[in-house]
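Our numbering puts the first residue of the sequence shown at 12, with every later residue one more than the last.
Treat the hints as calculated values from the structure; they're not laboratory data.
Some hints here could point you the wrong way.
[Stated by the list, open to error] Keeping only pairs whose Cα atoms sit at most 30 Å apart, straight-line, the calculated DSS-like set for lysine-lysine is:
| hint | residue 1 | residue 2 |
| --- | --- | --- |
| 1 | Lys519 | Lys573 |
| 2 | Lys282 | Lys113 |
| 3 | Lys433 | Lys550 |
| 4 | Lys82 | Lys282 |
| 5 | Lys550 | Lys420 |
| 6 | Lys433 | Lys420 |
| 7 | Lys653 | Lys642 |
| 8 | Lys582 | Lys664 |
| 9 | Lys147 | Lys444 |
[Unchecked claim] Derived DEER-like restraints, expressed as beta-carbon distance ranges:
| hint | residue 1 | residue 2 | range |
| --- | --- | --- | --- |
| 10 | Thr663 | Arg224 | 52 to 60 Å |
| 11 | Gly569 | Val483 | 30 to 38 Å |
| 12 | Asn434 | Glu193 | 33 to 41 Å |
| 13 | Glu193 | Pro590 | 42 to 50 Å |
| 14 | Pro552 | Pro345 | 26 to 34 Å |
| 15 | Val483 | Asn187 | 56 to 64 Å |
| 16 | Asn225 | Arg74 | 36 to 44 Å |
| 17 | Gln435 | Pro552 | 43 to 51 Å |
What you are looking at is a predicted structure, and each value in this text was computed from that prediction instead of being measured.
Just so you know, even glycine gets a beta-carbon here, dropped at the ideal spot from N, CA and C.
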Amino acid sequence: MFQLENFIRGEYIVGKSLRSESFFILRKTVNLVDYRSSILILLYFFTLNFTVLAQGTISGELRAIDSLKQKLATTDDDSSRIMIMDGLGFNYERINNDSSLKYSHTALALARKNNFAWGEARILASLTSLLRQQGKFAEALDAIFQSLKIAESNNLPRETARAYRRLSAIYDEMGNYPKSIEYCLRALEIDELNNYAQSAAIDHMALAGGYFRNKNLDSANWHLEIAFQRKDLLQNEMSGVYEIAGDIENDKKNYHEALAYYRLGYGISHKFSDYRGLSQFSAAISSIHTKLGNLDSAQFHALRGFEYAQQVSFKKGIVLSGTLLSELYDSIQPALALEYFKLAASAKDSLFGATHFMTIQNQISREQARQNELEAAQLSYRNKLRLYGLLAGITALFIILFFLYRNNKQKQKANIILENQKNQIELTLKELKLTQAQLIQSEKMASLGQLTAGIAHEIQNPLNFVNNFSEVSAELVEEIKETRAKSQESRPKTEEDEVEDEILEDIKQNLEKINHHGKRADAIVKGMLEHSRTSTGEKVPTDINALADEYLRLSYHGLRAKDKTFNADFKTDFDHNLPLVSVVPQEIGRVLLNVINNAFQAVGTRHALSLQPMVTVSTKNLGDKIQISIKDNGPGIPDAIKDKIFQPFFTTKPTGQGTGLGLSLSYDIVKAHGGELKVESKEGQGSNFIIIIPV
């Protein structure tokens, strides 16, 4: 990593300018690629070093940091020190994450000590940006919700809008674009109401990006045009405007126009020493050059983006540039491509969980294929030697012996190589098995969201008030009715009395319905909390009917929450004579959720047919075993792939929509319970997954 303090003093140490990983890759790159590429890569690294040196000496951030440090050293007032340290955290954010965190946390502690609400709200929002860039979404959400609560409680409109804007950015990073747009619109409403012109311009820029990623191009272009009109207000934020404009042109396949926008954005990021921006624009430019067939330029910019990202530990940038480099080197230098892939995969795992197993499996498959080719070549070579021996006679016999001797030596070397490769593959497979348990928990948390517990806690209190007050109100209505009945004993009952009695009865029924549905909602919240808990791994007597019913409804409502257009019918046929079965409820629940999700997704493909989509879950007592059937009327499973569906990493879903591990993990869980998971299916007639568990 570049030593920024040395830049301030005019010092620069070449040996420390790159991370150890970068030197390793540079050395391998120069050794492995062709002469022209080697010269290009060396030129890139020397150019990058002198570029960063120039930035370090003239950077506005560094001048601002130096000025703020001087002010901090001469200021005793706590309020002033808080804001100066917040400024230091902001200026360090693009160039040194550790320093940014240090000053931000120090300022936050001082603000809380002095009950400085405005400063606390602002610093929490500032921290959110850095946490989001590091992929710590749970911590970022916790910080921004604290900031929003403080801002709203103390009537701080600017900080409230700022919190909404940061919250929008977090949801955008997690891919929840509708939610991101919703919060950004709230920020824009506050900023325009209070004439916060610069903040409103930033809101329009963010909305342009959100609408584009949500495929609303008309809205995206409208907000983008406003952002361009207010470019004088945006200053260094204009790099974001150019990035969105480039993305839109790239989506339209107007690659040269997109490249022009990306270069403008790169220039602004360079001017303000924004290493994260430099990394993202370098990756975007590399992607465009790849599409245009300019592979040398694509390689140059991808390498530059990768190095910028490493300088500030910008994991998203490492993923973007590392993936590009892996693809660029894949056909010419697979070994080097694999090195970049590993670095990108490691960064991606820290952001989004274990999603790189499919690629690793492909690498293993390619390696196995190469081994098979080597063995086939050796066998062919031996056959030729034997043929020559039969035809050559005594003289040829000595030649054959010579070749056999040499071949034996080659075979020994090849066997050593194959043995090493085999050990490496076995080690990799062992690591994959060790991570399966983590992947199960990760997938479950992805389905419910890491905020389930917090959201459920917030919902619980209002639900308690609804339930309690509905019961109290019902009792009050009953008391009113009794009082009215006593008063009517001494006089005849009028028409108005009857109307009032009917109204009181309606109120009582409404309160009973409110109480009923409130308790139902309370049960749902408790069920969500129970589902989010990590399995203890202990087997307990379990009602399989109740478990299957719970996960059937959880699957249906979960899919409906993700896709409002999804619609299907479901029904149950439970054997009420089932005994309690000793299982790990969370594990069997995951199996049920996995298979039921697949069934609903399968019937979702029949929307164009006249047949109504239907999923049926049934149970049956087999004596010493119980059977759970999950049947759908979807398109069925072709015979050609029926034997593969339980294999790890096998999936028929589009890229990015499935890991291929769901049924494999379910199969392992059922086997671990001493049971059996099988499928009955005919193409065009639906599928029936059968789970058998011993009692």
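**Prompt:** CB of Val483 to CB of Asn187, is that within 56 to 64 Å?
**Reply:** Taking Cβ atoms as reference, Val483 and Asn187 lie about 39 Å apart, which means the hint is violated.
**Prompt:** In this structure, is the beta-carbon distance linking Gly569 and Val483 contained in 30 to 38 Å?
**Reply:** About 35 Å separates the Cβ atoms of Gly569 and Val483, which means 30 to 38 Å holds.
**Asked** CA of Lys82 to CA of Lys282, is that 30 Å or under?
**Response** With a Cα-Cα distance of about 24 Å, the restraint between Lys82 and Lys282 holds, given a limit of 30 Å.
**Prompt:** Is it true that the C-beta distance of Gln435 to Pro552 lies inside 43 to 51 Å, as the hint says?
**Reply:** holds, 45 Å
**Item:** Distance restraint between Lys147 and Lys444, which requires alpha-carbon spacing of 30 Å or less
**Value:** Given pair Lys147, Lys444 holds - Cα atoms ~26 Å apart, limit 30 Å.
**Prompt:** Given the hint that Lys282 pairs with Lys113, does the C-alpha gap stay at or below 30 Å?
**Reply:** holds, 25 Å
**Request:** Could you check the hint for me, namely that Thr663 and Arg224 are 52 to 60 Å apart, CB to CB?
**Result:** Violated: the Cβ-Cβ distance is about 26 Å, outside 52 to 60 Å.
**Asked** Within a Cα-Cα threshold of 30 Å, do Lys433 and Lys420 meet the stated pairing?
**Response** Cα-Cα ~20 Å, so holds.
**Request:** Just tell me: holds or violated, for the beta carbon distance of Asn225 and Arg74 against 36 to 44 Å?
**Result:** holds, 39 Å
**Restraint check for Lys519 with Lys573, where alpha carbons must lie at most 30 Å apart** = Since the Cα atoms of Lys519 and Lys573 sit roughly 36 Å apart, the hinted pair is violated (cutoff 30 Å).
**Prompt:** Is the hinted pair Lys433 and Lys550 satisfied, with a Cα-Cα distance of at most 30 Å?
**Reply:** violated, 37 Å
**Request:** Mind checking the alpha carbons of Lys653 and Lys642 for me, to see if they're no more than 30 Å apart?
**Result:** Holds: Lys653 and Lys642 sit about 16 Å apart, inside 30 Å.
Violated hints, in rising order: 1, 3, 5, 10, 12, 14 and 15; the structure is consistent with all others.
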